[in-house]
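Keeping the supplied structure of chain A fixed, place chain B with the ligand upon it in accordance with the hints.
Protein chains in written order, with this note's numbering: chain A, 23 to 186; chain B, 226 to 398.
Some chain A residues flagged as far from chain B (calculated, every beta-carbon gap over 10 Å):
1. Lys26
2. Leu28
3. Leu119
These stretches of chain A come out as covered by chain B in the derived footprint (C-beta under 8 Å, 3 or more residues):
4. 149-163
5. 167-174
6. 177-183
Just so you have them, the derived chain A footprint on chain B, three or more residues with Cβ under 8 Å:
7. 297-308
8. 331-342
9. 345-351
What the hints contain is simulated information worked out from the structure, not anything from laboratory work. The structure displayed is predicted, hence computed values, not measured ones. C-beta atoms are modelled at their ideal positions from N, C-alpha and C, and glycine is treated no differently.
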Amino acid sequence: MDLKELVTYKLKEKFPEVEFDITDYKEQLAVTFDKKNIVNVASFLKDDPDLQFKLCEDVTAIDWARRKNRFAVVYHIFSLKLNSRIRLKSDVDESDLSVDSVAFVWKTADWHERETYDMYGIIFNNHPDFRRMYMPEEFEYYPLRKDFPLMGIPGSLPLPKKDE
Amino acid sequence: MGLEAKLKQDGFFTSTVDALVAWARKSAVWPMPMGISCCAIEMMASGDPRYDIARFGSEVMRFTPRQSDCMIVAGTVTYKMSHVVKKIYDQMPAPKWVIAMGACTSSGGMYRSYPVVQGIDQFMPVDIYLAGCPPRPDNLLNALMQIQEKIGRTKARDFQDRPLPELPVIQNN
Ligand code: SF4
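Just chain A, same shape as in the assembly (with noise of 0.2 Å):
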């Protein structure tokens, strides 16, 4: 059984009700799914014994700019015991930007949320500490939307005053 038919046996044994989309694109494989089922899936990749997805390797967000869901969360999750890496996506639109926080199932997911808060503008519920993680906190504005200029929003971030 290759890693597919493998991941894909088990989240629809486990998860019958849930809606799966499964693809694989140059050996990389992707998972799909609605994003109140993010906490469930993901505990259940980390702790089954044949799957094992026990690292996190990153939580970022892609912003689609015209797409009806705006945004989408993904997860780079690593699997030490079948030496390969699946790819858990969700749809957030704008209307709605929580996502339950994956952070107490991969402590690395903490900081990976902020930085998708801080750059994303994405909301994770339950997060232990959630703060931005680069911007000043008092910053308004989510730099990586591509309604973000480049050279920024002149006068969100404070200067020093110059003496004389």
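Quick look at chain B with the ligand alone, frame taken from chain A:
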């Protein structure tokens, strides 16, 4: 006639206090190494025996602003970091000089984007802009010599009776 020869011959020489003070000042510029990113590596290299910044009297890199008179800002200054740089600059006792080392510090360099200050002269005075990404250590030594030349032209009274700037009170909570 060299100084030693003159001293041996006459046992004295004449000068002005200004020139002596300026000479003393410029021969021992103590840098404050504000190493923020990659340029700092070249700044460290200029302290090693090969380039040997000690030849110019600047080997005493002080990691406290209170004991230094030339700030070498070596690296990319982000908006978040700019407040730190300015705070440290404010803590240096006058007279003080600033070298903006590298393209980033002088103009934002290749980081033409929202988080990087496009030139630190937007919030603090700069004496020398140093080109290069990163500048070679010899280039930094050249900047130091320029600073020394600049200091050599100063008069002692240039620094007198200047009111101290009001520093903002910073509350730590
Ligand atoms: S000028 Fe170049 S070497 Fe210097 S801090 Fe910027 S990127 Fe790094």
